[in-house]
Amino acid sequence: MRLSKPSRLTLGIVTGVILAAIYLPLLVVVLNSFSTSKSLTWPPPGFTLEWWGRAFTNAGAIQATGTSLLIAVIATAIALVLGTLISLALQRFKFFGREAVNLLVILPIALPGIVTGIALNNFFRTILGVDLALWTVAVAHATFCIVTVFNNVIARLRRMGTNLEEASADLGAGVWTTFRLVTFPQLRSALLAGGLLAFALSFDEIIVTTFTAGEGVTTLPIFIMNNMLRPAQAPIIAVIAVVLIVISIVPIAIAQKLGNGVGEVKGK
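Going by UniProt numbering, the residue at position 207 of the sequence shown is 207; the numbering climbs one at a time, nothing skipped.
Quick caveat, the hints were computed from the structure, so don't treat them as lab data.
Mixed in with the good hints, there may be bad ones.
Distance windows between CB atoms, simulated [as the list claims (entries may be wrong)]:
id, residue 1, residue 2, range
1, A119, M228, 21 to 29 Å
2, I106, L26, 23 to 31 Å
3, I245, G129, 38 to 46 Å
4, L49, L26, 18 to 26 Å
5, V246, V81, 43 to 51 Å
6, A173, N226, 49 to 57 Å
7, P25, R158, 34 to 42 Å
8, T10, V130, 52 to 60 Å
Backbone N, C-alpha and C define an ideal beta-carbon position, used for all residues, glycine too.
Work the whole structure out from these sequences, hints included.
This is the structure:
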C-alpha cells in the first residue's frame, strides 16, 4: 500500500507525538536520577552521582531486588514447564474442549491485574486457607507468565509441523528421545524468548503482587511505591526506576529478536 505525501506526513507527526508522550517522561526520570534536588524539581538545578551511590548501598533496595529476582526466577521456571506442556498438548493432540482450554490459558494475560489479584487473594486465603508469602506471589506471577511461554512455543510448534517427529518415531525413537533430540532443539529459541518475557513481566509486576504478598515480602516495585513520597528518597527511587527500565528493556529486546517469526509477543 502506498500513501500520499500528506498522509505520510500526518502519520509521521501522529507517531512522533505518541512516542514523545511515552518516552519523554522516561527521559525526565533518567535526568532526575542525576539531579541535586531532593524533591525532583524541574529543570534539575544541578547534576550529581550521589543518589546512584546511595541507591546501590540502600539495604532495603538491595533486599527488595533480591526478592524480586527470586520470585521472577521461580515464576519463570513454572511458566516454562507448564507453558511448554500445555503447548504440546494443545498443538499435538485433539480432544474435546481444546479450544476452551486454549482460551482459558490465554485469559489471565487479558484480565485486569486487580481482578487477578483479588481472585488469587481469595483463593489462597479462603479456599486454601494459607498465609500469603513469597511462594504465593511466585504462583500468582506464574499464572500470567505461562501465557508468554505458551504463545511463543505453540507458534513455533505450528511452524515446525510433525514431519521430523514422525520420522523419528518411524526410526524407533520413543516419545522422550524424540522430544530430547528433535522437538526440544527446535524449541530452544522460543523457550528462551518466552522465558525472558516472563522474567521481565514478573520482575516489575506490582498490582497482583500487592494482593498476594504477605507481610515482610517486599518486591522492588512495592519498595518504590512505599518510598516515593518519603523525604530525600525520591532521587534514590528515580535511580532504581532507571535500573528497572534497563532491566526491562534488555530481556524484551532479546526476546523480540529471538521471537521474530516465532509468534506474537504479548505483555501484561
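Original post:
Of the hints given before, which are not true for this structure?
Top reply: Number 5 only.
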